[in-house]
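K.L.:
Given the coordinates of chain A, work out where chain B should sit on it, guided by the hints.
What follows is each chain in one-letter form.
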Amino acid sequence: MSAANGQLIEVEGLTKHFPITQGLIFPREVGAVRAVDGIDFAIGRGETLGLVGESGCGKSTTGRMLIGLIPPSRGAIRFEGQPIGGRDAEALQAMRREMQIIFQDPFGSLNPRMTVRDIVAEPLVVHRWRTRAERDQRVRELLEVVGLASYHGERYPHEFSGGQRQRIGIARALALRPKFIICDEPVSALDVSIQAQIINLMQDLQAELGLTYLFISHDLGVVKHIADRVAVMYLGKIVEIADKRRLYASPQHPYTQGLMASIPVPRPGLRRARAVVRGDVPSPSAPPPGCRFHTRCPHVMDVCRRLEPQLLAVGPRQAAACHLVNPPDERGARAS
Amino acid sequence: MPPLLSVRNLRTEFEAEEGAFAAVEDVSFDLGEGEVLGIVGESGSGKSVTALSIMRLIPSPPGRIARGQILFDGRDLLMLPERRMRDIRGAAISMIFQEPMTSLNPVFTVGDQIMETVRQHERLGQRAARAKALEMLDKVGIPSPAQRLDEYPHQLSGGMRQRVMIAIALSCNPRLLLADEPTTALDVTIQAQILELLRELQAELGMAVILITHDLGVVAEFVDRVIVMYAGRVAEAAGVHPTFEVPLHPYTEGLLGSIPSLDDERERLQVIPGVVPSPFDLPPGCRYAPRCPYARPACDAGEPPLIELRPGHYAACIRHTGYRFEPLTEAAAS
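Protein sequence lines, in the order shown, are assigned to chains A and B. In terms of the working numbering, the first sequence is residues 483 to 818. In terms of the working numbering, the second sequence is residues 6 to 339.
In short, the hints are calculated from the structure, not lab data. Cβ coordinates follow ideal geometry from the N, Cα and C atoms, glycine included. There could be a bad hint or two in this list.
As the list claims (entries may be wrong) - Examples of chain A residues toward chain B, derived with CB under 10 Å:
{"no.": "1", "residue": "Ser537"}
{"no.": "2", "residue": "Gly644"}
{"no.": "3", "residue": "Ser675"}
{"no.": "4", "residue": "Asn682"}
{"no.": "5", "residue": "Val705"}
{"no.": "6", "residue": "Ile745"}
{"no.": "7", "residue": "Leu752"}
Said to hold, decoys possible - Simulated crosslink set (EDC-like; lysine to aspartate or glutamate; CA at most 20 Å straight-line):
{"no.": "8", "chain 1": "A", "residue 1": "Lys726", "chain 2": "B", "residue 2": "Asp269"}
{"no.": "9", "chain 1": "A", "residue 1": "Lys661", "chain 2": "A", "residue 2": "Glu529"}
{"no.": "10", "chain 1": "A", "residue 1": "Lys661", "chain 2": "A", "residue 2": "Asp710"}
{"no.": "11", "chain 1": "A", "residue 1": "Lys726", "chain 2": "B", "residue 2": "Asp268"}
{"no.": "12", "chain 1": "B", "residue 1": "Lys137", "chain 2": "B", "residue 2": "Glu121"}
{"no.": "13", "chain 1": "B", "residue 1": "Lys144", "chain 2": "A", "residue 2": "Asp762"}
{"no.": "14", "chain 1": "A", "residue 1": "Lys661", "chain 2": "A", "residue 2": "Glu562"}
{"no.": "15", "chain 1": "A", "residue 1": "Lys726", "chain 2": "B", "residue 2": "Glu270"}
{"no.": "16", "chain 1": "B", "residue 1": "Lys144", "chain 2": "B", "residue 2": "Glu209"}
{"no.": "17", "chain 1": "B", "residue 1": "Lys137", "chain 2": "B", "residue 2": "Asp117"}
{"no.": "18", "chain 1": "A", "residue 1": "Lys661", "chain 2": "A", "residue 2": "Glu690"}
{"no.": "19", "chain 1": "A", "residue 1": "Lys661", "chain 2": "A", "residue 2": "Asp686"}
{"no.": "20", "chain 1": "A", "residue 1": "Lys726", "chain 2": "A", "residue 2": "Asp710"}
{"no.": "21", "chain 1": "A", "residue 1": "Lys726", "chain 2": "B", "residue 2": "Glu272"}
{"no.": "22", "chain 1": "B", "residue 1": "Lys144", "chain 2": "B", "residue 2": "Glu201"}
Isolated chain A, as found in the complex (with noise of 0.2 Å):
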């Protein structure tokens, strides 16, 4: 496959295991979490991919692997046709500059010595962009793309709200003129009234910058707002993936559906969000077998204990990992 096919990202196969280990002096692995485990999907250019899940599914860790900060267990990882891994360094650091994350905590990702200015500078002076004239100006130009005053470049990040702070972390991402931006919640640590300003100046950018988005949250309301597409990871696997519309309008896969049943509505009296999805997330070092789903899904059946479902479409550009939707030829099919 190459950049042709308009994708600007391919994810195959792609998996993480911590391992978990015990022993102080020796350590010896007795086991491995499995945050991600075997996932594939793609970007286009200019799409939003939302990503969703719940705590522990490895929706956070897929991003994270995309942008390089971990590495994966195994799978591959292509950026405009091009494999990630077996770069030289040189070529790695270049294709940095393609791809920059926003994360969740506005607090925690800025230093708190340096000044705003040195903050959304840093990745330009760690690629050597230009001079210090030209990147002053730049700077400038990014405070102002972000909503931010150029004087608020010699402030320090305490003295700013929640709502700036993610927005100077949004002007740094911005810096190198990137092509794809991981976001990791980046909206969930903000007051409703501040997430809706935020997540219109994404949307603005992605329009005016021809961003490329993966959009990692917990909140099917904010996805829904900024997505194209939507994933819907559940214990380290994607078990459905749909244009945006599709989903919202027919999920498939039991635990989508029970994710949006659980969603309280701010309208009163109009529905009532219910526990359809029972029980706790099992461990991620010992899933379940079969489908992963099985344990609190209300349509289990005996061969989802023993049959891992596939992810297989189940109409136009919707795909659902489930034996209800998707019925197991059993001669054909691998028992897990």
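P.N.:
Quick look at chain B alone, frame taken from chain A:
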């Protein structure tokens, strides 16, 4: 019949480097027996400080309740000696918090912590207290409660810990439960389970509940009446339907417009411009005026009173009275 709880003109102050400021100012409301009230607002609106003031758990210094009355069953809690307040806390009035990990003691078993509360308030022997603890764990839907009784908080998931907190809070049959963001730290599927549990227990035990949250979805589904707070004051107080269907305070309107909801087809979210003012730099009149699309010069003339604009529907806004400070009827929310 007098209300179960009546908060009158509460003002709670905190001492900071820059001087004292009021985190809660002139807050008044009533709560009937068995009623479910939601207090909503964003960070710094004063909603948690209101709850902590009712429990008299404001850390002093730096905080203090500077003015007002908190009448519970007709008695002013603020006048009670601390010893008497301790009898009420955890018994007649109970509270659950956002962080079930930090509000449980990590070195005691779950059973010990329920028994501690029970024995604080009721004369029960070890065995009877243990039986009560077991009953409570069962009541809050913890599977294999007999085994869980001897486990430590770190062995439980977040949802299970919150169930334990609820078991502790309800172990002495409170008449009022204060729930401060009880599901905010939980995943949505677990949040739905906990809200369902609270709803069932509220109906079964008939206690009054004050639910404090920033989540308007949770409020819409859980409460009978809503108080919206902004910058330490009550902006709007009404039944849950009017609050969401015909909000009369521009802040409530803005807040509702900025939620990215599941059943929402808008391309663009409505935005409240600017930020909440610092308590040291409050605007001259209405605290919301600098962000308000309807603000007029009159709004800067003074703090707007809470006006009853429709029966039982109060808003601290002069827009509906022709921007005049002569309200039709001025009263506290009740």
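K.L.:
Take the hints in turn and mark each one as holding or not.
P.N.:
Against the structure, the hints:
Given hint, A:Ser537 at the interface with chain B, holds; its Cβ is 6 Å from that chain's nearest Cβ, closer than 10 Å. Taking 10 Å as the C-beta contact cut-off toward chain B, the hint placing A:Gly644 at the interface holds, the least distance being around 8 Å. Residue-level restraint check for A:Ser675 holds (minimum Cβ-Cβ distance to chain B is 4 Å; threshold 10 Å). Interface restraint check: A:Asn682 against chain B, minimum CB-CB distance 6 Å, threshold 10 Å, status holds.
Checking A:Val705 against chain B: minimum C-beta separation of about 8 Å stays under 10 Å; hint holds. With a least beta-carbon distance of about 6 Å to chain B, the hint placing A:Ile745 at the interface is held under the 10 Å criterion. For the restraint placing A:Leu752 at the interface with chain B, the shortest Cβ-Cβ distance is roughly 8 Å, inside the 10 Å limit, so the hint holds. Restraint check: the Cα-Cα separation between A:Lys726 and B:Asp269 comes to about 13 Å, which is no more than 20 Å; the hinted pair holds.
For the proposed pair A:Lys661 and A:Glu529, the alpha carbon gap of about 11 Å is at most 20 Å, so the pair holds. For the given pair, A:Lys661 sits about 17 Å from A:Asp710 by alpha-carbon distance, which is consistent with the 20 Å threshold. Between A:Lys726 and B:Asp268, the direct Cα distance comes to roughly 13 Å. Compliance with the 20 Å bound is thereby established for this hinted pair. This hinted pair checks out: B:Lys137 and B:Glu121 have alpha carbons roughly 11 Å apart, not beyond 20 Å.
Annotation: proposed proximity of B:Lys144 to A:Asp762 holds, straight-line Cα distance about 18 Å (limit 20 Å). With a CA separation close to 10 Å, the supplied pair A:Lys661 and A:Glu562 stays within the 20 Å bound. Between A:Lys726 and B:Glu270, the direct Cα distance comes to roughly 12 Å. Compliance with the 20 Å bound is thereby established for this hinted pair. Only pairs whose Cα atoms come within 20 Å are accepted, and B:Lys144 paired with B:Glu209 is accepted, the gap being roughly 11 Å.
Taken as a hint, the B:Lys137 and B:Asp117 pair is honoured in the structure, with Cα atoms around 11 Å apart against an allowance of 20 Å. For the given pair, A:Lys661 sits about 12 Å from A:Glu690 by alpha-carbon distance, which is consistent with the 20 Å threshold. Annotation: proposed proximity of A:Lys661 to A:Asp686 holds, straight-line Cα distance about 15 Å (limit 20 Å). For the hint pairing A:Lys726 with A:Asp710, the CA-to-CA distance comes to about 5 Å; that is within 20 Å, so the pair holds.
The hinted pair formed by A:Lys726 and B:Glu272 meets the criterion: a straight-line CA distance of about 13 Å does not exceed 20 Å. Proximity of B:Lys144 to B:Glu201 is assessed by CA-CA distance (about 13 Å); at most 20 Å being required, the pair is judged to hold.
In summary, this structure violates none of the numbered hints.
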